[in-house]
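Student: Top to bottom, those sequences are chains A and B.
FYI, this note's numbering numbers position 139 of the first sequence as 139, with every residue one higher than the one before it.
FYI, this note's numbering numbers position 310 of the second sequence as 559, with every residue one higher than the one before it.
No lab work stands behind these hints: they were computed from the structure.
Nothing here was measured: the structure is a model prediction, and the numbers come from that model.
Here a beta-carbon is modelled for each residue, glycine too, at the ideal position from N, C-alpha and C.
Be aware that one or more of the hints could be misleading.
Claimed, not checked - If you anchor each label on the Cβ, the simulated ranges turn out as follows:
(1) Q477(B) <-> K69(A): 37 to 43 Å
(2) V120(A) <-> A440(B): 49 to 55 Å
(3) M416(B) <-> R226(A): 42 to 48 Å
(4) K169(A) <-> D466(B): 48 to 54 Å
(5) G256(B) <-> A164(A): 30 to 36 Å
(6) D494(B) <-> K69(A): 31 to 37 Å
(7) M416(B) <-> R179(A): 39 to 45 Å
(8) N125(A) <-> R476(B): 36 to 42 Å
Given next are the chains, with one letter for each unit.
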Amino acid sequence: MKILTTVKRVVDPDAKVRLNSDNSGLVTEGLEAKMNAFDQYGVEEAIKLKEAHGGEVIVVSIGDSAGTKEIRTALAMGGDRGVLVTADMSEIDPKGVADLLAAVIEREAPDIVLMGKLSVDSENNQVGQRVAAKLGWPQATFAFTCEVADGWATVGREVDGGTANVRVKLPAIVTADLRLNEPRYASLPGIMKAKRKPIEELTPDDLGVELEPQLIIQGYSLPPARAAGEIVDDVDSLIDRLQNTAKVL
Amino acid sequence: MRDSARGFLGARSDSVAVRRAMESPEGYDPAVWAAAMELGWAMVAVPEELDGIGLGYRALATLLFEMGRTVFCGPFLSTVGWALPTLLASGNDEVVRRWVPELAVGAAMATAVQLDGHAQREGAGFRVTGAGRALDGMTADLFLVRAGDDVFAVEAGQMERRALRTMDQTRRYASVSLDCLVPDAARLVPACWDVGLRHAMVALAAEQAGGAGACVDMASEYAGVRRQFGKPIGVFQAVAHKCADMFVLSTSAWTAAEAAASALDGRTVDAHTAALVAKTYASDAYFVCAAENIQVHGGIGFTWEHDAHLHFKRARAGKGLFGEPRTHREALAATLLD
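Isolated chain A (complex conformation) (with noise of 0.2 Å):
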């Protein structure tokens, strides 16, 4: 079974993030990076999937060349090689992500593909949908079971109020929850095999794809400070305060 899972390197959910003087982005300069955490729910079923069933595990990633650093991670859990897609992420949109993925998919023609959910910094949850379409695949998003037999895949999804249970015929595009599996840390024998494990690295154009940028991000802005609370003497100025001050009365 060949499984294609991908991995973006975030900043660390945990680093706290300023916005920059004109407010049209972050400093992430100096903050640590992490592979994006519903990606790791990804690669670990990826890897579940090849010990049931055989195969390889391609791990797909775009980014400068930093981003080998959480491929090499993935392939120390037990990807078997990798794919770096060079590009300056700052000017790539959701769509972008998605062409040149599927550009790799097609490339690599996989059984099955995982992914996270979404990217734990711009949470834009398009990319797996994006992908699917483009492809023409099925999909199953927000994946918290995932069981593949006979070519298809049947995979739990967490769905408001409740879950859904679907099958997809393969190929298929599967995207993590955060329920999925427990991520395996890497042993240090896996992590020493990494090493000399295979990276490609691709350019958008060795994939035939140019990127057009159809969504920018006009800038950003902090959410109004909050201001001090006030405690009142009695309910008659609660009143007062709740009618004539909050005017929610």
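Keeping the supplied structure of chain A fixed, place chain B upon it in accordance with the hints.
Tutor: Quick look at chain B alone, frame taken from chain A:
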């Protein structure tokens, strides 16, 4: 490797897990131990020809640093930091091939102990008699025993042992005694004792540097959120300077431990001096950082519920392990001045 270790320890050796291990009869959680062994941690410095990874002591120091941060409970320091390098220097192929592969995958545990006793030739072996205090002595399957100037590999079944109560509940000791005939085949070259002790000192120094770093993080984080007189206490010089001094101590401790580990890997020549410097500096640095962490936290830092005391007790106990810093300073002075 550091990311993987920090992730694993953060999830499996957090405060709750450490306190659970402290209260357990074994002093550690076998499930956490097994999971750490599956990650290959015990084989990191074992040569590849003995089914290890052969990454060396610099890599092992990185793991120990992370373990020190979380006050990891388990016989790692005794087995991997002390017994394994002693065995690897033992010059006894039979003993090495019998035990190292098992220790490297966590299937067995080992420790070393200096006995107050002696070894006397008796027939085709030695009668070894004596008693001592063994780190992780209750869980060890193999004891590397030094009696007089002789060193032997002795299986746990031959030892009398009794668990000791310890101030630092995150690390266990046993009172052990021995009076038996040990065959020649279990005799190790005497020089392996000093080699093992040198490695153990560096391993402990790396762990202490991690513990000191955790104390700095705890103190500086608290100083940033605890407010007094309308400001975070960290803006007051009395607290800020304390945190800055702790930071210098902890980072210097890691520098010393890292340099000593590299020396053990053969990257520099004087491993003996480097080990003495690392153990001396890291022991003192951890103790100061652990004590000052309590001061920065004020009253809450003195409670059982807060983790500050876990570091304080481990730091105090660790100062005396493998020799007090003042003893090593004297040895260091003798090395440098004589």
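Student: Which of the listed hints are not met by the structure?
Tutor: none
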